[in-house]
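If you read the protein sequences in the order shown, they are chains C and U. Note that numbering that gives the first Met the number 0 gives residue 174 to position 175 of the first sequence, counting from 1, and the numbers run on in steps of one. Note that numbering that gives the first Met the number 0 gives residue 125 to position 126 of the second sequence, counting from 1, and the numbers run on in steps of one.
Hints in this document: simulated from the structure, not taken from any laboratory. All residues carry an ideal CB built from backbone N, CA and C; glycine is no exception. Some hints could be false.
As the list claims (entries may be wrong) - No farther apart than 25 Å at their CA atoms in a straight line, the calculated lysine to aspartate or glutamate pairs in the DMTMM-like style are these:
#: 1; chain 1: U; residue 1: Lys78; chain 2: C; residue 2: Glu112
#: 2; chain 1: U; residue 1: Lys78; chain 2: C; residue 2: Asp284
#: 3; chain 1: U; residue 1: Lys78; chain 2: C; residue 2: Glu316
#: 4; chain 1: C; residue 1: Lys185; chain 2: U; residue 2: Glu74
#: 5; chain 1: U; residue 1: Lys82; chain 2: C; residue 2: Asp283
#: 6; chain 1: C; residue 1: Lys311; chain 2: U; residue 2: Glu74
#: 7; chain 1: C; residue 1: Lys185; chain 2: U; residue 2: Glu57
#: 8; chain 1: U; residue 1: Lys82; chain 2: C; residue 2: Asp114
#: 9; chain 1: U; residue 1: Lys88; chain 2: C; residue 2: Glu176
#: 10; chain 1: U; residue 1: Lys82; chain 2: C; residue 2: Glu176
#: 11; chain 1: U; residue 1: Lys88; chain 2: C; residue 2: Asp283
What the hints assert, rightly or not - Which stretches of chain U does chain C cover? Using the computed rule of at least three CB atoms under 8 Å from a CB of chain C, they are:
#: 12; region: 83 to 89
#: 13; region: 128 to 142
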Amino acid sequence: MQLTGAQALIKSLEMEHTEVMFGLPGGAILPAYDPILDSPIRHVLVRHEQGAGHMAEGYAHVTGRPGVVMVTSGPGATNLVTALCDAYMDSVPVVAITGQVSRPVIGTDSFQEADTVGITRSVTKHNELLMSAEQIPLAVRQAFHLATTGRPGPVLLDVPKDVLQEKAEWYWPNDHEVSASLPGYKPTTKGHPRMVREAARLIAASERPVIYAGGGILKARAADALRQLAELTHAPVVTTLMARGAFPDSHPQCLGMPGMHGNYAAITSMQEADLLIALGARFDDRVTGKVNAFAPKAQVVHVDIDPAELGKIRRPEVPIVGDCRLVIEEIVRVLEASGDPQADRSAWWAEIEQWRQHYPLYYAPQVESEPLRPQAVIEAIRDASPPGTTVVSGVGQHQMWTSQFWRFEEPYTWVNSGGLGTMGFAVPAAIGAKVGRPDRTVWAIDGDGCFQMTAHELVTASSERIPVKVAILNNAYLGMVRQWQEMFYEERYSEVYLSPDLPDYVKWAEAMGCVAFRAETPDDVAAVIDKANAVDDRPVVIDFRTDANEKVFPMVPAGASNSDVIVHPSQRPGGERVVQ
Amino acid sequence: MAMNGPASAWSSGSGRLHHQTISIIVENCAGVLARVAALFARRGFNIISLAVAPTDDEAFSRITTVVDLQETSVEQLTKQLFKLVNVVKITELPPGEALERELVLVSVRCAPPGGPGPSRGEVGDLVRIFGGTVVDVGQEALTVMLAAEPAALDEFEELLRPYGIIDIQRTGRVALAKLPHQAFRRGRGAPGGDR
Ligand SMILES: Cc1ncc(C[n+]2csc(CCOP(=O)(O)OP(=O)(O)O)c2C)c(N)n1
Ligand SMILES: [Mg+2]
Numbered sequence: 000m001q002l003t004g005a006q007a008l009i010k011s012l013e014m015e016h017t018e019v020m021f022g023l024p025g026g027a028i029l030p031a032y033d034p035i036l037d038s039p040i041r042h043v044l045v046r047h048e049q050g051a052g053h054m055a056e057g058y059a060h061v062t063g064r065p066g067v068v069m070v071t072s073g074p075g076a077t078n079l080v081t082a083l084c085d086a087y088m089d090s091v092p093v094v095a096i097t098g099q100v101s102r103p104v105i106g107t108d109s110f111q112e113a114d115t116v117g118i119t120r121s122v123t124k125h126n127e128l129l130m131s132a133e134q135i136p137l138a139v140r141q142a143f144h145l146a147t148t149g150r151p152g153p154v155l156l157d158v159p160k161d162v163l164q165e166k167a168e169w170y171w172p173n174d175h176e177v178s179a180s181l182p183g184y185k186p187t188t189k190g191h192p193r194m195v196r197e198a199a200r201l202i203a204a205s206e207r208p209v210i211y212a213g214g215g216i217l218k219a220r221a222a223d224a225l226r227q228l229a230e231l232t233h234a235p236v237v238t239t240l241m242a243r244g245a246f247p248d249s250h251p252q253c254l255g256m257p258g259m260h261g262n263y264a265a266i267t268s269m270q271e272a273d274l275l276i277a278l279g280a281r282f283d284d285r286v287t288g289k290v291n292a293f294a295p296k297a298q299v300v301h302v303d304i305d306p307a308e309l310g311k312i313r314r315p316e317v318p319i320v321g322d323c324r325l326v327i328e329e330i331v332r333v334l335e336a337s338g339d340p341q342a343d344r345s346a347w348w349a350e351i352e353q354w355r356q357h358y359p360l361y362y363a364p365q366v367e368s369e370p371l372r373p374q375a376v377i378e379a380i381r382d383a384s385p386p387g388t389t390v391v392s393g394v395g396q397h398q399m400w401t402s403q404f405w406r407f408e409e410p411y412t413w414v415n416s417g418g419l420g421t422m423g424f425a426v427p428a429a430i431g432a433k434v435g436r437p438d439r440t441v442w443a444i445d446g447d448g449c450f451q452m453t454a455h456e457l458v459t460a461s462s463e464r465i466p467v468k469v470a471i472l473n474n475a476y477l478g479m480v481r482q483w484q485e486m487f488y489e490e491r492y493s494e495v496y497l498s499p500d501l502p503d504y505v506k507w508a509e510a511m512g513c514v515a516f517r518a519e520t521p522d523d524v525a526a527v528i529d530k531a532n533a534v535d536d537r538p539v540v541i542d543f544r545t546d547a548n549e550k551v552f553p554m555v556p557a558g559a560s561n562s563d564v565i566v567h568p569s570q571r572p573g574g575e576r577v578v579q
Numbered sequence: 000m001a002m003n004g005p006a007s008a009w010s011s012g013s014g015r016l017h018h019q020t021i022s023i024i025v026e027n028c029a030g031v032l033a034r035v036a037a038l039f040a041r042r043g044f045n046i047i048s049l050a051v052a053p054t055d056d057e058a059f060s061r062i063t064t065v066v067d068l069q070e071t072s073v074e075q076l077t078k079q080l081f082k083l084v085n086v087v088k089i090t091e092l093p094p095g096e097a098l099e100r101e102l103v104l105v106s107v108r109c110a111p112p113g114g115p116g117p118s119r120g121e122v123g124d125l126v127r128i129f130g131g132t133v134v135d136v137g138q139e140a141l142t143v144m145l146a147a148e149p150a151a152l153d154e155f156e157e158l159l160r161p162y163g164i165i166d167i168q169r170t171g172r173v174a175l176a177k178l179p180h181q182a183f184r185r186g187r188g189a190p191g192g193d194r
């Protein structure tokens with residue numbers, strides 16, 4: 000059967016079980032948009048290609064399947080770069096198809112030519128310029144394989160227009176042909192048995208262990224295994240920003256998020272631990288603070304599918320390359336079979352309980368006459384949401400508060416931009432998450448600054464009838480930057496003021512086809528949330544006017560040791576009266 | 000590769016640079032050298048020399064590279080390299096365990112017999128002692144070639160310098176692991192490469 004490259008491309012995506020793709024056409028990719036008309040694949044037409052990329056990420060986060068993006072050459076591809084980098088940093092499986100100018104004019108600076116493969120090389124797990132139509136099916140199979148196995152990530156295929164137009168015999172390669180075509184790619188999934196035994200031995204003997212659970216737990220679908228290990232060992236668990244939901248916040252062993260804005264007990268238990276059991280975590284600087292002062296008393300067991308993570312930041316006593324789920328299950332098996340008793344951890348838990356009691360997450364309660372406390376707004380949304388609600392955030396103070404004050408009970412209910420910290424992530428990622436799991440309520444908790452970066456995708460959501468809900472925590476500031484200027488630049492505020500009502504968020508949202516509300520006083524909050532929850536056929540936006548003075552605590556200043564946590568003013572010696 | 004240091008910077012025993020030779024087998028496909036080079040640049044590893052050519056199997060190429068590294072980061076470099084999908088095999092070649100060769104072409108000043116300044120004969124002697132060859136003869140210059148261990152090239156270059164070096168080009172280093180020594184003790188030949 001002869002197919003054009005374009006037909007082969009779309010058919011290959013179908014063969015890979017693509018149900019939806021996010022994109023926007025243009026000259027070079029035009030041929031591929033024709034067979035879409037006859038394909039069961041749903042295409043979501045975005046308003047900006049960055050949005051397509053984040054939608055694909057949101058989709059991938061909640062489904063575990065790769066998000067698929069298709070854009071044109073040149074500006075289409077360059078607009079996608081931020082999202083690719085975001086997916087690369089957070090190990091999100093994405094398959095991106097970019098149009099390219101025709102083969103004969105590649106390299107001549109022809110119209111809308113960009114060196115897409117060159118530009119995206121360092122932000123993709125792999126990329127490839129396809130120089131013939133017959134390559135397409137194998138390249139698509141490889142792309143899905145690479146995006147979803149080993150450490151997941153974005154893979155990009157750059158396809159010249161004349162390759163899309165050229166005819167070739169259709170041939171769908173089998174699994175064996177795919178792996179044979181990638182001689183340098185063999186991810187290790189099973190942990191080394193000796194290392195697994197060594198890990199089990201250290202765990203059983205540890206009097207002060209902490210399980211440091213990272214995003215790899217979710218990628219490996221290892222939440223059940225993690226829970227087994229935690230309950231077997233009765234070790235406390237911290238869940239990083241990327242792992243919120245991997246272990247239930249309501250579980251008595253859950254200490255919450257570690258790191259720069261983590262829970263005091265989570266941060267401090269790592270500092271005082273004698274053993275860190277790092278599972279699919281990468282010792283990010285936002286978790287470790289000053290690296291050589293991080294967890295100074297701890298030995299480290301480090302499990303990761305990416306060998307390059309082991310020893311990159313902190314040298315582990317026991318490095319284990321492998322899939323988190325398989326390795327954790329193996330450790331559990333060894334622990335159970337050995338029958339060795341776990342060390343006595345009652346003193347450790349007593350200490351942890353002290354930290355929990357003295358330094359819980361805290362904000363000053365809402366006062367009637369004062370602007371809205373952003374944390375209270377988050378809690379109100381949380382309490383009015385059905386179980387399993389997916390929460391998506393932008394980047395800034397609102398992100399940290401959402402991670403802190405939402406209560407994550409299930410995996411895959413939290414979608415955010417951790418590694419790259421991309422403002423503008425929330426709206427499109429929420430749309431992708433809703434497309435992936437239409438059965439779930441999706442709330443984007445966004446900042447006013449972030450919202451302005453990608454709000455236009457609500458036009459996409461309205462026209463495609465994708466009913467996401469967006470809460471703007473409108474503090475009229477680039478709040479996180481303002482917080483740093485307040486604390487570390489003597490309150491010299493430079494280029495952080497945005498205005499509460501320029502733009503008018505309600506009018507803007509309505510113009511984009513959304514239902515929109517505003518809440519200015521504590522009395523408004525519950526009512527508008529109820530109204531928003533009642534809308535299920537189109538997007539809803541709420542403009543919450545929040546207090547610009549509110550800061551995120553606890554905080555470990557950048558570059559400081561995690562032993563120097565700045566807690567909420569009321570928790571410092573002398574309480575409220577102590578001024579930072 | 001804008002990262003070429005002066006040739007003398009890697010003279011053996013200088014102790015200034017911790018150089019490490021790494022042999023990388025890659026798929027022989029478009030863009031693979033750019034991927035490897037970009038990875039070096041992005042992760043902050045400094046390439047001192049680079050040599051690339053297909054292996055006996057045309058599907059693969061061998062990249063031999065000398066990098067300037069802290070002891071601790073050799074492991075990180077090889078792990079990062081191995082994440083490239085087109086990288087098939089990596090061999091670290093520590094100095095004592097590798098056969099390393101470079102080639103140099105030098106044009107050096109010398110006068111015909113009886114002319115002013117040093118004669119062709121003196122330069123010719125040096126070339127013979129080092130086991131090099133004369134590849135071109137001009138009125139007042141010779142171009143000579145030497146393929147040898149990097150340290151020998153350094154010496155050769157230093158000894159030629161007083162005569163007046165007109166032009167010099169050294170290649171990147173190529174290297175293979177030494178053969179296992181038992182093979183010799185048991186009196187077997189030493190067939191085969193390092194695979
Ligand atoms: C694309 C991008 N530009 C700049 C930044 C730096 N930055 C981090 S948080 C932040 C402020 C975000 O403001 P807003 O969305 O209003 O959130 P808030 O902190 O006020 O909750 C900025 C500018 C970033 N993370 N991403
Ligand atoms: Mg703000």
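What hint numbers does the structure not satisfy?
1, 11, 13
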